[in-house]
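Student: This is what each chain is made of:
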Amino acid sequence: MVPAITADKLTKKFGDFTAVNQITFEVQKGEIFGFLGANGAGKTTAMRMLNGLSRPTSGQASVAGFDVYRETEKIKKHIGYMSQKFSLYEDLTVRENIQFYGGIYGLPGREIRHQIKELIGGLGMQEYANTLVKAIPLGWKQKLSFSIAIMHRPEIVFLDEPTGGVDPITRRQFWEMIYKAASEGMTIFVTTHYMDESEYCGRVSIMVDGRIAALDTPRALKEQFGASSMNDVFLQLTRPNQHGS
Amino acid sequence: MRTIFFIVRKEFLQIFRHKVMLPLIFLMPIIQLVILAHAADFEVKNINLHIVDQDKSQASQQLISKFQASRNFNIIGYSFSSRLAFDEVQSGDADLFLEIPPHFYRDLIRNNKASLQLSVNAINGVQAGLANAYANAIIQDFNGEIRTELANTSAGTAPGGLSITYSNWFNPEMNYKTFMVPGILVLLVTLIGMFLSGMNIVKEKEIGTIEQINVTPIRKHQFIIGKLLPFWIIALVELSIGLAVGWLVFDIPFVGSLWLIYGFAAVYLLVVLGLGLLVSTFTETQQQAMFISWFLLIIFILMSGLFTPIESMPEWAQAITRFNPVAYFVEVMRMVLLKGSGLMDIRQHCIVMLTAALAVNVLAVLNYRKTN
Chain A
0 MVPAITADKL TKKFGDFTAV NQITFEVQKG EIFGFLGANG AGKTTAMRML NGLSRPTSGQ
60 ASVAGFDVYR ETEKIKKHIG YMSQKFSLYE DLTVRENIQF YGGIYGLPGR EIRHQIKELI
120 GGLGMQEYAN TLVKAIPLGW KQKLSFSIAI MHRPEIVFLD EPTGGVDPIT RRQFWEMIYK
180 AASEGMTIFV TTHYMDESEY CGRVSIMVDG RIAALDTPRA LKEQFGASSM NDVFLQLTRP
240 NQHGS
Chain B
0 MRTIFFIVRK EFLQIFRHKV MLPLIFLMPI IQLVILAHAA DFEVKNINLH IVDQDKSQAS
60 QQLISKFQAS RNFNIIGYSF SSRLAFDEVQ SGDADLFLEI PPHFYRDLIR NNKASLQLSV
120 NAINGVQAGL ANAYANAIIQ DFNGEIRTEL ANTSAGTAPG GLSITYSNWF NPEMNYKTFM
180 VPGILVLLVT LIGMFLSGMN IVKEKEIGTI EQINVTPIRK HQFIIGKLLP FWIIALVELS
240 IGLAVGWLVF DIPFVGSLWL IYGFAAVYLL VVLGLGLLVS TFTETQQQAM FISWFLLIIF
300 ILMSGLFTPI ESMPEWAQAI TRFNPVAYFV EVMRMVLLKG SGLMDIRQHC IVMLTAALAV
360 NVLAVLNYRK TN
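So the sequence lines, in the order shown, correspond to chains A and B.
Under numbering that gives the first Met the number 0, the first residue of the first sequence carries the number 0, and numbering increases by one thereafter.
Under numbering that gives the first Met the number 0, the first residue of the second sequence carries the number 0, and numbering increases by one thereafter.
Honestly, I wouldn't trust all of these hints.
With a straight-line cut-off of 20 Å between C-alpha atoms, the simulated EDC-like cross-links for lysine to aspartate or glutamate are [claimed, not checked]:
hint, chain 1, residue 1, chain 2, residue 2
1, B, Lys204, A, Asp90
2, A, Lys76, B, Glu210
3, B, Lys204, A, Glu89
Because the hints were derived from the structure by calculation, they are not lab data.
Please read all numbers here as calculations on a predicted model, not as lab measurements.
Given these sequences and hints, build the entire structure.
Tutor: Dropping the structure here:
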């Protein structure tokens, strides 16, 4: 089976600064792949290279079987993306946002109408359907963003810190949505700050200063580092000197 | 096509949702048109004139009554001393004074010549020049009459001489509003179009929604066309409102074909909006886009031939105006509306505009990058 994502020595430099330094990994189809790292470790940059927003400096990578240099527009047909910055139109209503993105992805009119009903119903957002997005709570916005990012049934969805600033209950609901999507065969590539969330992932990679410092299942990583939680693993990797207590 | 429709619909939803933008787009230009058309008038009226009449003769009275009859002059005082008149010019109450010396009439009859003194406050050079010219015209006129009178009384034969008559084609009453309104309308449509389109893509960059668009399989030309169309429609509606105001309020003659005006405007707006989008693609913030748009617009407007004739610019400046779309539209507006020029008369303008529209928009599409 062809992996959903492959990266081979993928590198991005901004002038003298190397944001992503020769990262190599594979993500299998249907996998929930956690992409961890401190702020500024290069997670977002790596993700932007994979989804065709940023051109790599060197190395190879393919997403859904397409090359990240030559076939970015083909990649874009097969992926969904939820960026760190909230990116729905705040001055459009929930319904209008769904309509717009459905239209841009080329869904037929009937399918768009169906999605509006399905999506708003599924999220329990009936009362917000005609509310401007700027007026709804953040948790709702994030769940809506995710639903819109996977509305066109992409093979792979990239989530850049989707649960940042969201309360624990909503985070839990959010992960239920991720699991549901994965169970339908979607590959999930997710960055997060919350170490407890990394336990929900099938495999986890931890980036430190542009490099992948560790990559395995959460259980194997904990064993390897003799840690009781992913939090410990993360601290050992990112602040090795302070460890030893 | 469908993708473009979805972008256009989204843009319209956003524009009509902003309660501040709507009046700004439609009301402001009309107000500006009405105000500016009255203000941008090169005719100098109500020049304050002080007359020093030291002759108090039949001839001096005749001259003064000529000034009284002129609508350019406003006689604010008579006196016997030039000292008082000078004080009034000094204080700004009078713009100029005319001094009729003692024995003016006597000299005129005896010596067949007499002199008058005209003193003009020349701080505002344009006004001074015009005031001088108006006054001279009146004095010439007076001169002609008085000579005829003198000739009749003394010799009984009319003197020879040439009299010049003017005929002003296409704007017979020399009405500045007729001349200015079509041009001002061009400016307003340009301003709105360039700013709206210039702010647009860069605004999506600022709020981050552009990322979400760039990660979709949308084609670049679809995006640019989708961004262009809404403002193109708004600008054409704006032009229509402006033309209606020109017709109803200012009695602008519509000598030529309205279709031709709209046809040219349609292409012209592609140039202006494309330019705005181009600015939008290579700037990162709305301030930058605003600054560059202003820079371009100031040059376009001042070199458009609206306020100063292009023919009197230096050679090199005239060369620059050949790249100024505003200059073309101002000229076409005046040619078609006031003179009734047809397609053949403005074919050169059309070719230039079509080429520019193509070039600018291709550049905008190329310069818009989905992958950085």
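Student: Compare the distance between the alpha carbons of lysine 204 of chain B and glutamate 89 of chain A with 20 Å, and conclude whether the hinted pair is satisfied.
Tutor: holds (14 Å)
Student: Could you grab the alpha-carbon distance between lysine 76 of chain A and glutamate 210 of chain B and see if it respects the 20 Å cut-off?
Tutor: holds (15 Å)
Student: Next pair to validate is lysine 204 of chain B with aspartate 90 of chain A; report whether the Cα-Cα distance is within 20 Å.
Tutor: Status holds; Cα separation ~15 Å.
Of the numbered hints given earlier, the model fails none.
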